[in-house]
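Keeping the supplied structure of chain P fixed, place chain S upon it in accordance with the hints.
Number of protein chains: 2
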Amino acid sequence: MGSKGINSKIGVLGGGQLGKMLAQAAADWNLDISVLDPTPQAPANCCAKQVHGDFNNYDNVLAFGQQQDIITIEIEHVNLEALKELKRLGKEVYPDPSSLGLIQDKGLQKLFYREHQLPTSEFIIVDNAVHIHQLIEQNIIAFPFVQKLRRAGYDGRGVQIIHEESELDKLFNEPSVIEQKVAIHKEIAVLAARNISGEIMIYDPVEMLFHPTANLLLYQECPCTLNGDQSEQVKNLAHTLIEKMNIVGLLAVELFLDKKGNILINEVAPRPHNSGHHTIEACPTSQFQQHLRCILDFPLGPALTNVHSILLNLLGEPGYQGEAIYEGIEECLALDGVYIHLYGKKETKPMRKMGHITIVGKDPVYVKKIATSVSEKIKVIAHL
Amino acid sequence: MGSKGINSKIGVLGGGQLGKMLAQAAADWNLDISVLDPTPQAPANCCAKQVHGDFNNYDNVLAFGQQQDIITIEIEHVNLEALKELKRLGKEVYPDPSSLGLIQDKGLQKLFYREHQLPTSEFIIVDNAVHIHQLIEQNIIAFPFVQKLRRAGYDGRGVQIIHEESELDKLFNEPSVIEQKVAIHKEIAVLAARNISGEIMIYDPVEMLFHPTANLLLYQECPCTLNGDQSEQVKNLAHTLIEKMNIVGLLAVELFLDKKGNILINEVAPRPHNSGHHTIEACPTSQFQQHLRCILDFPLGPALTNVHSILLNLLGEPGYQGEAIYEGIEECLALDGVYIHLYGKKETKPMRKMGHITIVGKDPVYVKKIATSVSEKIKVIAHL
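Chains as they are written, first to last, in the numbering used here: chain P, 11 to 394; chain S, 11 to 394.
These are computed hints drawn from the structure, not numbers from a lab.
Quantities reported herein were computed from a predicted structural model and do not represent experimental measurements.
Where hints are given, some of them may not hold.
No distinction is drawn between identical chains; accordingly, a pair holds when it is met within one copy or between any pair of copies.
As a list, the in silico DMTMM-like pairs of lysine to aspartate or glutamate whose alpha-carbon atoms are at most 25 Å apart [what the hints assert, rightly or not]: (1) K389 with E340; (2) K19 with D38; (3) K59 with E357; (4) K254 with D239; (5) K389 with D307; (6) K59 with D38; (7) K19 with E95; (8) K372 with D346.
The shape of chain P in the complex, shown without the other chains (with noise of 0.2 Å):
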């Protein structure tokens, strides 16, 4: 493939949380590593060269990607055509082009598991407000539904649940999914991970809670309570879809169990994702290493889970916005296996993902303890 191996020029799009994760994965192995990204000060800017750019723009992904061997993601909502003129241009892309244009479009990315008979929840493609409107006049689509926005959806930005006709006013009147909306039980995230030469490594399931409002990742758990069979069906789900996808890289899939016992995928991001953040702490190889392991076409490490672990995002609190203060700190670490990650965003807003904490343990009684403990302490304010 071309590649230099360690001595590869690794350029990645977005400069975030994940990207300087990655980064300091890959000041281990002194990889040459860029991020994009048009923040002042990005939190990737910590531990690797930052170049100002916006990655959704052609012309700065084109002329960021040409200084590159290889070039990577840590968002998917990035210039899909410049990857293309990339590739053409030789450099090494990862996830490829047309893999990641399907998943930018949740339309695609549904009609993708329609088409491989893999499980989701039903669902309809719609042009617009109008057309939900007729589609729902028809009987086509019942309460309660879920709108999904085709595109630029991100941490549940894009994504609402209309229960009832008085809700009908909040429709994005844009390109959308309408899926019908699961009973669910229990909200399920998996990592699979895939080198240039196809091998394939899968992360064991967590189990995630979800803000009721906000719907951002607000605790998460590794290993879940999922009964070895559905573990295995959905260790399977992901095996088979990085594969079909043709992702080199990480791929993040998220499930839904239903409360029949379903198991349903949502959705899917190529990429580090915050469900695998644990396995920094709790696995032998972290989902950034094994990131940059695939992109090198390096061996994959190993994935098993070493320990009982739970995440918690470390959220602006609601109600302050401005530079951040970081309360609680001290005390969280005066407790064992607590494990605090800040990603140096300069201005905290209410519910703006400021860091992230696992705790882990041999005991899961203890590793609950700590984290109801832990997220008591911590906060993130700011002057009023």
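Only chain S this time, still in chain P's reference frame:
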């Protein structure tokens, strides 16, 4: 202590591999960390802001330190007068300049052990080669003996064994410590940590195997083969030393177990240390995060040993000098439990420390087998 906690500006004298790994640990908490180092693109440059300057130069250290809240070190041979002045100016300096002054001088170190009745080999302090010759004539010094320069020794430089009269022309003609050569059974290192509030944590001792001629660490194992009593004795000595030397930060203690079963202090270093690199993967708290906890006066993290480990130094292959080429990386990464750290030194030289590899596992036999395999596969060479 006027500490600003995680908002402190931390300045490190030295930007080699120890500074680099300290900066990597600092990135988890988004600490503001800078290093002072004269090398263009010093290893720490990847994850810390580098100020170019000489850590032995009064003006350079003073100017650098004035921009910081907390000043610490990754090498003990730094300008002490500047550190004293920075302390006088209200900066936090760890370790304290008085403790550092004691340790910089191996003569004072030995006198300190004698004064505090701490076990160490017999020694005599000499001014120069003539002085040594006189003491030999007076039968005060007997062959074989060890000559150590009082100042500026590092990684075995400035240390030599004089076996017999014919070797006397090798004598350093400088102020030195002459030590009785110990009949070494085992070489041991132990790492202690102490925060500003006085909390102390001691890691488990490790056993070291040195290169027979270059006096560089080749191989280190943890836990080591000391019996429980010996291990306790070593840990107690480390506890006593870090307290009596009034160190804030890490103190690495190197010791001998002699053939009669005596434990003798060899020397100490008040900073992160080669013998503690396994703590990154094998302990809940790496020595680098622990050092940060110390100087920020955070509660210390647990220092217990999670897993068996062997640490190999990756040394420049004899016979090669020039831009470093790493051979065998991929083959080693195919083995479970292998963690490679490359320091990013552009140029390799015979026996130069270019990186280290930690091999971890539950089974000591497996770990030893993999370590042997790794040491055969991996090499740092250069184009001839």
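Structure-based check of each hint:
1. K389 with E340: within (12 Å within a copy, 42 Å between copies)
2. K19 with D38: Result: close both inside a copy and across copies, 15 Å intra and 24 Å inter.
3. K59 with E357: Both. Shortest intra-copy (21 Å) and inter-copy (21 Å) distances satisfy the 25 Å Cα cut-off.
4. K254 with D239: within (22 Å within a copy, 59 Å between copies)
5. K389 with D307: Only across copies: K389 and D307 sit 20 Å apart there, 40 Å inside one copy, limit 25 Å.
6. K59 with D38: For K59 and D38, the Cα distance is within 25 Å both inside one copy (15 Å) and across copies (17 Å).
7. K19 with E95: Classified as within: same-chain Cα gap 18 Å, cross-chain 43 Å, threshold 25 Å.
8. K372 with D346: Both: 11 Å inside a chain and 21 Å across chains, each within 25 Å.
In this structure, every one of the numbered hints holds.
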